[in-house]
Amino acid sequence: MITEKNKILAQWVMDLALKNGCQSAKVVLYANSNASFELRDAKMDRLQQASENGLNMSLYVDGRYGTYSTNRLEKKELEGFIKTAIESTRYLAPDESRVLSDPSRYYKGGKPDLKLFDSEFYAINPDRKVELAREAAEEVLGKDSRIISVDSSYSDGESSSYCLTSNGFSGESKTSWFSTSASVSVKGEGDARPSSGWYESRLFYGQLPKEGIGTKAFERVLRKLGQKKVQSGKYTMVVDPMNSGRLLGPMLSALYGSSLQQKNSFLLNKLDTQVASEKMILTDEPHLVGANGARYFDNEGVATERRAVFDRGVLKTYFIDTYYSKKMGVAPTISSPSLLILKPGDKDAAGLVADVQKGIFITGFNGGNCNSSTGDFSYGIEGFLIENGKLTQPINEMNITGNMVTLWKSLVAVGNDPRPSSSWQIPSLTFEGVDFSGL
Amino acid sequence: MLGSLAAPSFALPESVQGALGGTNNKSAVAAAMKHFGVTESDLKKVLAAALEKGGDYADLYFEHTFSHGVSLMDGKVNNCDANIDFGMGVRVLSGDQTGYAYVEGVSMEEMLRAAQTAARIASSGKSVKPVGFKENVLKNNRYSVVTPWEEVSLKAKIPYLQKLNDKIFALDARVRKVQARLNDATTHVLFCNSEGVSYYDYRPMVSYSTVCIMEESGKMENNFASRSYRKGFEFMTDDIVDILAHEVVEKTALLFKAVKPKGGEMPVVMGAGGSGILLHEAIGHAFEADFNRKKVSIFSDLLNKKVCDEHINVVDDGTIPFNRGSVNFDDEGVEGQKTYIVKNGVLTSYLHDRISSKHYGVAPTGNGRRDTFRNVPIPRMRATYMEAGNVKEEDIISTVKKGIYVDNFTNGQVQIGAGDFTFFVKSGYLIEDGKLTQPIKDINIIGNGPKALAAITMVADNDKIDNGTWTCGKDGQSCPVTCGMPSALVSKLTVGGES
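First to last, the sequence lines map onto chains A and B.
Take 0 as the starting number for the first sequence in numbering that gives the first Met the number 0 and just add one per residue.
Take 0 as the starting number for the second sequence in numbering that gives the first Met the number 0 and just add one per residue.
Please keep in mind that the hints were generated in silico from the structure rather than gathered at the bench.
Computed cross-link-like contacts, DSBU-like style, restricted to lysine-lysine with a CA-CA straight-line distance of at most 35 Å:
#, chain 1, residue 1, chain 2, residue 2
1, B, K259, A, K262
2, B, K33, B, K357
3, A, K408, A, K342
4, B, K43, A, K75
5, A, K4, B, K44
6, A, K408, A, K357
7, B, K52, B, K33
8, B, K43, B, K357
9, B, K256, B, K400
10, A, K357, B, K401
11, B, K434, B, K256
12, B, K342, B, K294
13, A, K82, B, K75
14, B, K133, B, K357
15, A, K342, B, K218
16, B, K401, B, K250
17, B, K44, A, K74
18, A, K269, B, K75
19, B, K450, A, K215
20, B, K463, A, K228
21, A, K269, A, K233
22, A, K227, B, K305
23, B, K357, A, K215
24, B, K125, B, K33
25, B, K342, B, K450
26, A, K142, A, K42
27, B, K261, A, K233
28, B, K342, A, K228
29, B, K75, A, K74
30, B, K133, B, K44
31, A, K114, A, K173
32, A, K233, B, K218
33, B, K450, A, K233
34, B, K337, B, K473
Work out the full structure: start from the sequences and follow the hints.
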């Protein structure tokens, strides 16, 4: 937790930096704590607990720029560190685009609490935490002779930070999280020991689902027994909500100023053009109370606002921070999205699967990558064959290959089942005509 | 207590530099204790507190890391960063169970708090007293440095980025953008445990990397090249600038000619070097003994069984001089060593940490590694490679009627229990009628560990370690590693591509 003492230290660091040669600076102090209890077959395997404190600084010295961080917070040591940092920065070439954000763009405060921190955080009985992990395991232990091992866990944490800039911004943020998980390994064919898992995570302890995690993990591993690869070819692809975000990742990476300015983006010069199907309606919603990812300001202190990213497949914004705005000579937007919501449809994954005659339902990705210049991708997958709206053969050891823009243009249906508590609210998705390679 | 760290260029106090630099091993632990501001009696007290609930074993891991980065973009070296990370972790073992806590300060109060937290894993009530305090003296430093990074100012590093940029632009008119970066880190580790073992290790690391973006007929492509070693500033030479520049330009230019192949099952010739990613993913992780003692690896029942052709030997090695994956000591006091995991086609050893070696009743293999003081040690790879075979690469290629040749990779992944692994091919070639023909790019390859290992039918004599900046992730911990392989034929893998 950020204390008054921390804030005074941040100001002290700022004053020292300005006094010793910085024309401007940003100082961020953070404080985190976390605890985890990992059980194997319902017995404690590992307990871990810690808290930490540190400092990040962005220093602007004679038109030059460097970033410095340390977890050594004694003043005498900090003083030497900062002076050395300023000296080092002077060796660099000047970069006129490196400036703090214009103060008019800063968040000025006054908005209601976003409710991201559970005030009960310190009051939860540690024994109860261990019990939750144990209960997750006990839901399945001994239920089936094929079970080899059940791992389960409970973990929680809080993180808080305080940001200060020399041109007038100060802001504090604080969040908590609580999570339980289970993973079940079973005897498969030959030497194989397939495993699968489930987890739940929430910002508030009271909202954390406390039952069914072990059962769900066990169901997920059982249903994939007997996996094999099927014929290569074009299939309709339904991706479950645990995995759909993976396909959005490269589309978002392509929107950052750092990619665009370096000509390393397949969405360069595509603003206001159709780059995905009409089903793609993606909005950044930073001010949703109690939702993971919500925030009033970004890492520069710039006020966040609701922003369309893709509107019916048309690209509506890039993520341009102060630096790349100056470098590219375009207006800044925001350094990064906060809480992304893909407009849901009216069916869950099972509903989307039911609409597919012949396809593949993806329940896991295994490796793969995407070429940031061209959008060409290839990923390993596992899942199920879909025949006449039903999941039939479990599938593994296959790849999907294609191009991101072609893929998103073939998005034909969006589900209504995003993972709760994810800062990317991406439901199940259906794409047509995806290249699968297997047999 | 660390006040003099403030000296220019983030250097260590002069009084301890000699010992910490590895030149005078005799008093290394004493000098390190002075550096961290602790005494032998402090450490014994903390170890005793760690065992007060009846743990079988405890260790203390002190770390002080200085890292620096400097980068070039748009022709200018105009960005740098530096980080200081300091802390200590207390681990308590009770059977297979682990208690762990860390703190970022080394006052007695903080260390005891960590010890008491970690101690809670045990409840046997039996009393174990730490024994003695004996220094494990380093006999053979695998990464002694000539010029420590702490003594090198930013000014001296800058020309190497500028030269790399200029060289890359000079090599090819299609180059549009160059990014270059130099990272160095120096880690001081002080370790002691309740069995009386202590050591100090000085760990240098450098990574020099570049990304090149080219344009041809309106099409853009990018690729990267990097080298990483446990070396000091002596690593920086004009030769390494030349090597990286040529490599990144060739690798990027090739992509304009490359296509996506037709996907499906086919023979894959793994080119010498980075193809070691196959070993890392297909077998290396699944040989890590934590998975095996828990019986969740596909190789859990295959120890001492024949898993591949009898001519194949696979090694995980922590002893290669200056290698990114080398360790003088692992992070729980075991000396770095060379471990045969497959000898003459037989699975001969898992990769052990302290817990698993005790579980199996075997000598530890020096694979207990941790990301930082914030993490518990777990079995990790070091440099994982296959020893040379006896055929020529061209003879392997000539046996393939229709398949692919791959030698440039970005990343891989594995499912330990199911054995399905993948690696992403940045570029390679089609093989048609025994010859390399059309370049290919951006495809994922997927296979199954034991099946792929059994499907290696030919191994060439051109063994090679890839010294790129390989970083392995496991349980949220990053770990520097390398991999290597001679050219080899895998008779069947599933290759991504168009249908």
